[in-house]
Amino acid sequence: MSVTYIDAIREAQETLLREDPRVFLYGQDIAAFGGAFKATKGLAEMFPDRVLDAPISEDAMAGLAIGAALQGMRPIIEMQFADFSSIAFNQIVNHAATHFYRTGMPVPITVRLPSGGTAGSGPFHSQSMEAIYAHYPGVVVVTPATVADAYSMLIESVKLEDPVIFCEHKFLYRWLKAKSFQGDGLPIGKARITRMGRHATVVTYSAMVHEAVRAAERLQKESGWEIEVVDLRSVKPLDIDTVLASVARTGRLLALGEAFPWGGVTAEVVSRVVADGFHLLEAPPMRLNSRDTPVPYHPKLWAAHRPTPESICDSLRKLLSY
Amino acid sequence: MSVTYIDAIREAQETLLREDPRVFLYGQDIAAFGGAFKATKGLAEMFPDRVLDAPISEDAMAGLAIGAALQGMRPIIEMQFADFSSIAFNQIVNHAATHFYRTGMPVPITVRLPSGGTAGSGPFHSQSMEAIYAHYPGVVVVTPATVADAYSMLIESVKLEDPVIFCEHKFLYRWLKAKSFQGDGLPIGKARITRMGRHATVVTYSAMVHEAVRAAERLQKESGWEIEVVDLRSVKPLDIDTVLASVARTGRLLALGEAFPWGGVTAEVVSRVVADGFHLLEAPPMRLNSRDTPVPYHPKLWAAHRPTPESICDSLRKLLSY
Amino acid sequence: MDHTSITTQRASTTYIRAMYSAMIQARIMENKLSSLYKAGKIVGGVYLGKGQEAVSAALGSALIPGKDIFAPLIRDQAGRRAFGEPFIDCARAYLGSALGPMRGRDGNIHRGRPREGMLAMISHLGSAVSVVAGCLLAKRLQGQMLGTVGATCVGDGATSTGAFHEGLNLAAVEKLPLVVIVANNQFAYSTPTSRQYACEDLVDRAKGYGVNGHSVDGTDFLACADVIGNAVALARAGGGPQLVVARLLRLSGHGEHDDGSYVPDSVKAGSFGRDCIDVAEQQLLERNIMSQEEIAEIRETATIEVQAAVAQAQQEPVPDPYLEDWRAYHSPFDQSQS
Amino acid sequence: MDHTSITTQRASTTYIRAMYSAMIQARIMENKLSSLYKAGKIVGGVYLGKGQEAVSAALGSALIPGKDIFAPLIRDQAGRRAFGEPFIDCARAYLGSALGPMRGRDGNIHRGRPREGMLAMISHLGSAVSVVAGCLLAKRLQGQMLGTVGATCVGDGATSTGAFHEGLNLAAVEKLPLVVIVANNQFAYSTPTSRQYACEDLVDRAKGYGVNGHSVDGTDFLACADVIGNAVALARAGGGPQLVVARLLRLSGHGEHDDGSYVPDSVKAGSFGRDCIDVAEQQLLERNIMSQEEIAEIRETATIEVQAAVAQAQQEPVPDPYLEDWRAYHSPFDQSQS
Ligand SMILES: Cc1ncc(C[n+]2csc(CCOP(=O)(O)OP(=O)(O)O)c2C)c(N)n1
Ligand SMILES: Cc1ncc(C[n+]2csc(CCOP(=O)(O)OP(=O)(O)O)c2C)c(N)n1
Ligand SMILES: [Mg+2]
Ligand SMILES: [Mg+2]
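Protein chains in written order, with this note's numbering: chain A, 38 to 359; chain B, 38 to 359; chain C, 117 to 454; chain D, 117 to 454.
Derived from the structure by calculation, the hints contain no laboratory data. It cannot be assumed that every hint is accurate.
[To be verified] Some, not all, of what chain A presents toward chain D, calculated at C-beta under 7 Å:
| no. | residue |
| --- | --- |
| 1 | Leu101 |
| 2 | Asn127 |
| 3 | Pro174 |
| 4 | Leu197 |
| 5 | Asp199 |
| 6 | Gly222 |
| 7 | Gly226 |
| 8 | Ile230 |
| 9 | Gly261 |
| 10 | Ser358 |
| 11 | Tyr359 |
C-beta atoms are modelled at their ideal positions from N, C-alpha and C, and glycine is treated no differently.
Hey, can you work out the whole structure from these sequences and the hints?
See the structure below:
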């Protein structure tokens with residue numbers, strides 16, 4: 038028997054609803070319908086009062102979550118697609134994110150963002166918005182790449198006192214399988230060495246972890262290079278210690294992400310590494326992101342817009358040949 | 038006689054209205070009242086049909102601008118404070134920014150964002166949102182630091198076919214004076230060496246250019262260090278060539294900005310410099326941003342939240358002593 | 117208001133015929149899209165306007181291509197046709213041809229010809245309302261407003277968006293000739309209207325914006341012609357924004373991936389469950405506006421044209437990532453600088 | 117609806133007296149803030165509720181501290197007082213004391229005591245509506261809804277925000293006991309209502325949301341007590357959201373930096389130009405609810421308390437950046453990691 042990434046998200050929500058009466062779910066089409074991606078399938082039947090359909094009002098959905106959190110609840114909001122959280126942007130970054138600093142009272146909300154590209158989804162159903170939220174003080178931004186992380190980090194997110202943006206990757210939903218939800222118990226804020234290596238470090242997160250591992254395997258087969266892959270798991274807070282320790286071993290860094298190229302996670306990773314680990318580097322640290330255009334609809338364009346094992350291998354070959 | 042930064046913005050708009058019938062202004066309280074900062078003072082009298090008060094509807098203000106631009110107009114939208122553009126975020130990044138790539142038809146709108154901190158303005162009237170917009174493909178983000186740039190870049194922004202986020206710094210409005218609006222004619226996309234130096238490069242933009250120059254003068258007096266200051270002028274596109282040329286001369290880089298520390302302009306600058314100019318660096322490139330909290334209200338906290346000549350000097354001393 | 121009584125007087129035969137043609141063309145195109153989707157030939161979502169053709173076509177047929185602005189939404193295949201969109205645009209968008217207005221960069225319902233006044237929607241619901249208002253404000257500033265109309269459709273769900281509210285309010289303040297049609301098809305994806313709004317009728321919102329409100333049975337072909345045609349005429353004549361609420365039922369899933377099994381049988385069996393195309397044909401025949409033969413001919417021509425468009429699009433090149441310029445800017449910035 | 121006629125029956129004397137006290141306390145506090153501002157003792161904006169005290173206090177006095185939720189906005193000094201906010205909170209916020217709920221991190225009208233049900237507003241207008249709805253939904257889920265009310269105020273300008281629309285609509289769908297007061301003071305900063313909305317009366321929006329609508333002359337003290345008290349009572353009794361539109365005039369500039377010279381004299385001279393505090397005193401005396409002496413005593417006590425609060429706040433330490441923890445997270449993340 039195997040479980041998928043989306044199963045993990047559903048299961049985590051069931052566990053949370055069962056174990057914590059403060060938890061409730063709010064989002065478009067999440068009740069009887071079970072959500073656009075079936076992340077809440079069957080939950081409304083089990084917890085009819087605590088799984089509620091929302092109107093198409095992302096701003097108010099986030100606002101409602103904030104208010105409920107202030108009254109002691111632990112809301113989980115599902116955005117139908119990460120891209121639509123642009124409507125909730127103000128409530129998240131100005132209301133939720135500032136509240137603890139301003140008043141001393143935290144706002145424990147979890148906002149689930151079905152993120153990232155899939156073939157044919159186009160500019161408005163493919164976005165990766167982690168950098169947008171991570172820019173703001175007070176927001177935790179998590180980006181699970183494994184089934185076990187999807188499960189444990191969602192549970193942990195809801196237990197945190199701070200607002201959490203939970204970026205779950207749509208590409209992984211049904212594609213990524215595991216034996217169980219059981220993981221290594223790493224907390225939010227700690228990165229993981231997904232694959233050990235000696236010659237270069239790829240620092241990445243979410244779906245790109247798997248592309249990086251593929252690229253690493255290919256390079257190993259082709260030329261014996263041993264590439265280490267670090268999965269950040271959360272991009273804010275960002276576990277620079279684990280990254281630095283890896284770079285100390287390999288001397289070479291490729292920061293990899295699926296989001297748009299200006300700024301973002303890869304820029305933050307590179308900047309932190311050179312600030313604290315300049316002397317560790319044997320080559321200029323590199324970045325690989327998506328192209329600097331909206332995410333295109335056509336599968337052929339889409340496949341060339343995001344990093345692929347091929348383009349990751351290309352970057353790594355450049356990095357290794359320096 | 039001297040003119041201020043806000044005069045430049047007002048004057049540029051008058052020039053544009055006079056010379057180009059496609060230009061119109063739309064924003065809250067900008068008509069008879071002349072705007073919260075008087076950036077449109079008297080313009081409604083001169084151009085009564087083309088300077089219009091908007092309801093408190095930032096999303097619709099941006100949408101209206103997009104539609105008008107599609108019909109051949111050149112709208113300038115004033116957000117009362119940059120912080121309120123969070124409500125227009127979706128229209129800007131999803132509607133305006135994607136349109137040219139999707140359809141081949143550009144959306145020439147200019148969105149004026151009164152940006153940055155001033156004493157006592159607090160978390161919601163102080164934000165610097167350049168990194169948020171620059172993350173998205175298709176948006177031009179400009180950050181003038183001088184009176185002449187405020188004038189010429191606003192005129193140039195309106196002439197560009199692409200959507201422009203015009204980040205004007207409120208702290209400079211009345212404080213920054215010049216003899217005239219006449220500048221050196223640098224186009225958007227080109228950085229400027231504001232101050233020459235040999236020992237380290239500070240790359241910055243907007244109000245922080247002036248703090249950097251102050252710090253540089255102080256260090257020169259104190260210890261003879263000659264600090265070069267590069268004013269990016271636009272953060273997207275970002276003129277990495279000028280930055281690299283400067284770093285080639287000095288071997289040392291401090292990227293300085295007033296925005297929140299995670300990601301942002303400073304991370305982008307450092308990442309680009311190490312990617313293409315790693316061999317030029319004699320010390321780890323450094324960053325200095327605001328603190329990672331909302332912008333505090335109290336002037337004492339505010340002054341310690343943003344970089345100051347003191348903290349810039351501290352950073353530079355560390356950089357120089359490496 | 118019972119409009120059907122006065123229908124034949126107000127709505128011209130030309131208008132009604134154009135409307136019917138667009139409806140049947142849309143239906144045939146969408147049936148084809150549905151088969152293509154089921155055969156795995158379309159990547160991404162397929163969203164149909166089944167059951168909404170009368171409303172959409174009534175709007176599209178009342179607009180003047182080249183002069184008016186039309187921002188179609190998800191279920192406006194018929195309105196697009198009526199406003200002059202060639203079948204090939206639709207086929208190309210869905211099949212990802214490198215040719216045509218979207219060049220594979222965007223797909224399906226997100227297509228448009230903004231240079232010709234037909235906007236290319238973004239997914240974020242409600243966003244088009246203020247954009248159409250902006251188009252109209254521009255026309256006013258350019259002195260080209262006279263007799264121009266801008267129109268868009270939204271669903272019952274989209275009325276809950278802040279964008280809808282801000283856009284309609286702004287249009288009302290500016291007294292722009294904007295027609296907003298709410299196709300209240302009783303569901304937003306799976307969400308019934310009871311979870312979407314609490315008023316008795318969405319048309320009750322019109323007064324609160326200071327705009328005219330109109331109600332229509334969206335399955336009644338001639339009533340749509342009348343009420344929507346009238347609303348467009350009122351806007352055109354300077355009556356300011358018009359809000360039309362059409363009641364009907366989505367006769368498909370939300371998209372072709374969805375079987376819509378959450379729609380109760382009682383609703384399907386109810387009066388809004390009828391197919392507006394059946395109603396149209398009945399009304400056209402009853403009133404001798406069209407003959408069986410004409411209807412058959414329109415259907416046949418449409419079938420042939422749809423087949424041709426799909427066949428053409430299927431033979432066309434798909435976008436080549438190596439030829440793609442990957443430019444999000446019109447300005448000639450050095451792209452490596454972005 | 118003419119409510120004033122039944123006022124004295126419905127609004128209890130205790131309520132009316134509490135209301136008046138809060139109004140006069142607010143006015144005295146704000147006069148002090150204005151002088152402090154003019155003397156350069158306050159950094160940042162000062163926003164007054166002059167002319168809006170009756171509306172604000174009617175709401176605050178109808179709410180039950182410790183049980184109800186109140187999200188005050190810019191001009192709710194009086195409502196805050198009525199809901200139990202001590203003068204010192206206001207003085208500390210404006211004078212930037214390091215003590216008190218905001219510790220100098222946020223100032224002026226952005227203060228609050230969210231743990232005690234008085235929210236700390238963000239500047240973005242309309243944002244509080246859905247947040248109060250969320251508080252109420254939480255109470256329902258916690259089984260503590262019975263007899264609880266949540267309330268917020270917005271201005272005429274804030275009704276144009278998408279947040280207002282989404283929040284009120286959502287509250288209506290959930291049938292939450294939310295009271296939203298629109299203080300229609302005829303201006304949003306300098307913008308007259310003719311540039312803000314096009315409906316005849318904002319109360320016309322109530323029907324479109326499926327909520328009760330109430331109108332009141334916001335300068336009429338007893339009418340405010342009656343209508344707003346009644347709206348709160350209806351919400352408390354399970355009547356769902358209530359929208360109250362109070363017409364009045366802002367009797368100050370937008371902030372103390374603004375002389376409001378754009379307000380036409382004719383408007384100032386109009387019926388809404390009267391001062392609700394004058395009206396209140398006249399009504400209280402006329403109806404023998406309070407005596408001159410009592411009024412004088414309330415004023416005197418308030419003056420003393422305001423002086424004391426301001427004096428105290430002025431002596432308190434201001435925040436020290438070196439002692440500041442600069443933490444935006446409650447969680448104990450290593451801050452260098454952020
Ligand atoms: C702002 C926003 N939120 C969510 C979505 C996802 N979404 C796409 S269509 C849809 C339902 C739309 O319902 P309605 O407006 O009634 O139109 P219908 O599909 O019934 O024609 C939803 C929720 C979206 N497109 N935009
Ligand atoms: C979303 C948003 N846009 C702009 C502003 C700037 N602003 C602050 S108060 C104000 C006017 C508010 O008018 P109204 O709602 O009528 O309240 P009033 O000041 O009259 O009490 C404006 C535009 C804001 N706070 N929030
Ligand atoms: Mg619908
Ligand atoms: Mg007002």
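Exercise for the section: Double-check glycine 226/A for me: the hint is only fine if its C-beta lies closer than 7 Å to a C-beta in chain D. Expected result: 6 Å, holds
Exercise for the section: Using Cβ atoms only, decide whether tyrosine 359/A comes closer than 7 Å to chain D, and label the hint accordingly. Expected result: Violated, because the Cβ-Cβ distance from tyrosine 359/A to chain D comes to roughly 29 Å (cut-off 7 Å).
Practice task
Double-check aspartate 199/A for me: the hint is only fine if its C-beta lies closer than 7 Å to a C-beta in chain D.
Solution key: 5 Å, holds
Handout entry: When the least beta-carbon distance from glycine 261/A to chain D is tested against 7 Å, hint result
Key = 35 Å, violated
Exercise for the section: Go through the hint on proline 174/A and say holds or violated, using the shortest Cβ distance to chain D against 7 Å. Expected result: Holds, about 4 Å.
Practice task
Double-check leucine 197/A for me: the hint is only fine if its C-beta lies closer than 7 Å to a C-beta in chain D.
Solution key: 5 Å, holds
Exercise for the section: Would you settle whether the hint for leucine 101/A is holds or violated, based on the nearest Cβ-Cβ distance to chain D being less than 7 Å? Expected result: Holds, about 4 Å.
Problem - Interface hint outcome for glycine 222/A [beta carbon to chain D under 7 Å] - result: Where the cut-off is 7 Å and the nearest Cβ of chain D is about 17 Å from glycine 222/A, the hint is violated.
Problem - Interface hint status, serine 358/A versus chain D (Cβ within 7 Å) - result: 33 Å, violated
Problem - Evaluation of the interface hint that places isoleucine 230/A against chain D, nearest CB under 7 Å - result: 17 Å, violated
Problem - Agreement of hint asparagine 127/A with chain D interface, Cβ distance less than 7 Å - result: 6 Å, holds
Violated hints, in rising order: 6, 8, 9, 10, 11; the structure is consistent with all others.
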